[in-house]
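Engineer: Using the sequences plus the hints, can you model the full thing?
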Amino acid sequence: MNTDLDCHPTTEILKGYVQGSLPTGWSVALSAHLELCQNCKQQYQDLESDAAQYWPHDSTDQGTQEFSDLVANIINQPQGDSSDVSVSGESPIAEIHMLDHSFTLPRILAKAANEGLVWKKLSGGINQAKLNIDTETQCEFIYMSPGSQTPMHKHQGNEITLVLDGSFSDASGTYEPADFIVRSGKDEHQPISEEGCLCFAVLDSPLTFTKGIARLFNPVNRYRFRNTIVQKP
Amino acid sequence: MIRNEDYPNIKPTPDSEEPVVVDAELALDTSRDPDSDEYLLIVTGNTQDTEAFSRLFQRYSSKIYAMGMKLTRNEQLSKDLVQEAMLNVWRKARLYDLDRGSAQSWIFTMTRNRCFDMLRKIKRQPNCLTADDIWPRESGAETGFLNEDALHEEKGSLAAEASIIAGYCGKLPKLQQDVIEQIYILDRTHEEAAAILEIPLGTLKSRLRLGISRLKLLIGVDQ
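Chains as they are written, first to last, in the numbering used here: chain A, 3 to 235; chain B, 457 to 679.
Relax, there's no trap hidden among the hints.
Sample of chain B residues at the chain A side, in silico, Cβ under 7 Å:
{"id": "1", "residue": "Asp479"}
{"id": "2", "residue": "Met542"}
{"id": "3", "residue": "Arg547"}
Straight-line C-alpha distance at most 25 Å; calculated BS3-like pairs for lysine-lysine:
{"id": "4", "chain 1": "A", "residue 1": "Lys132", "chain 2": "A", "residue 2": "Lys156"}
{"id": "5", "chain 1": "A", "residue 1": "Lys113", "chain 2": "B", "residue 2": "Lys579"}
{"id": "6", "chain 1": "B", "residue 1": "Lys577", "chain 2": "A", "residue 2": "Lys132"}
{"id": "7", "chain 1": "B", "residue 1": "Lys519", "chain 2": "B", "residue 2": "Lys535"}
{"id": "8", "chain 1": "A", "residue 1": "Lys132", "chain 2": "B", "residue 2": "Lys579"}
{"id": "9", "chain 1": "A", "residue 1": "Lys123", "chain 2": "A", "residue 2": "Lys156"}
{"id": "10", "chain 1": "A", "residue 1": "Lys113", "chain 2": "B", "residue 2": "Lys577"}
{"id": "11", "chain 1": "A", "residue 1": "Lys156", "chain 2": "A", "residue 2": "Lys122"}
{"id": "12", "chain 1": "A", "residue 1": "Lys17", "chain 2": "B", "residue 2": "Lys577"}
{"id": "13", "chain 1": "A", "residue 1": "Lys17", "chain 2": "B", "residue 2": "Lys526"}
{"id": "14", "chain 1": "B", "residue 1": "Lys519", "chain 2": "A", "residue 2": "Lys17"}
{"id": "15", "chain 1": "B", "residue 1": "Lys627", "chain 2": "B", "residue 2": "Lys672"}
{"id": "16", "chain 1": "A", "residue 1": "Lys188", "chain 2": "A", "residue 2": "Lys17"}
{"id": "17", "chain 1": "B", "residue 1": "Lys579", "chain 2": "A", "residue 2": "Lys17"}
In case anyone wonders, no lab produced these hints; they're calculated from the structure.
Treat the numbers as computed from the prediction; the structure is a model and nothing was measured.
Where a beta carbon is used, it is the ideal one built from N, C-alpha and C, also for glycine.
Structural biologist: Here it is as structure tokens:
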């Protein structure tokens, strides 16, 4: 884990996760990071405890009267139905195999990848496997083969990258497993990976490549993203 | 070349053996106060006390409504959330675990999770994930060790060795001793034991699980 760079979610992001107000893709990335980072997990538990303790009432006082009728409906229902004890089977996919090794995924990612991953080769030694998690973000596993380099690019929205295995570098530094990196629209970067790197990435909106021939692919890139977000389940 | 052994810290961490202590101590302290949320929740779960449940409803409906308005900005959805979350409180009260935190924390996470699932359903998001997958604490509390069949099986294999167990019991923490004694020595059902000890069934089961795994270590049985 990277200790020099700030590679952990901010308190603001963790608060959003506690409140359940983030897009699902973001929450999935946070859930996976908390499984890998004890410090952030502790911070999350403290924030959740605080949020519960200072849980505000509805100030308009709407409803408490109206709601009281509902009690009768509820207490007529049986307690402890069978759905209480859900089967906690392991997800069939818990490992990702790449080249000569395999990697055990954090629980939430194993669950999200349950239906199987389809890897697609992109240029520059980059491999991508998309996950259909929500319609507000685009979630994907990215595997950078050893010695790979992405074209210089920036993002229109936010991009979260969670390093799972291996490492990659850009102008700001080197990123290692469990690192949680947020890039905003104004950042321009060119990640390279000498030893290879498996990441989980969540994008708010399509990447905008800013250099060289990759620029030509921009409209296509946007079109593909639009297809992803309008896709009905 | 990537070698797995270079990154020992990235293996998923197993669930910790000890319960998460956030506001658990506070909850333990207040659970004997008949006006506390913890007490009301325990009574709701152990004896289906509708009066206790009504009081919880009065205390929480406006909080749940407020959270609903914040997350959905829709009055009807927020009212639905009150119904949905409080129905969950009623149904799952016996799974509440005193050792893991306050009643308010438990209802807070349950409300947030139900709201999340409700919104995803309305927005027709893929149903590959639920809130209980995303927020680890509640899923830990509701799955795995609360599996009734597994506990019954353990009961069978351990019942024959009651005398050995009794001998080792003294080495367990007091709270776990009490639970083991009720179930394995006095042969009470989980529900009876929870009612006698005045703790939620969820707490009884988690203490039982911790007690048993510690006993197994002491006795030297393979997990």
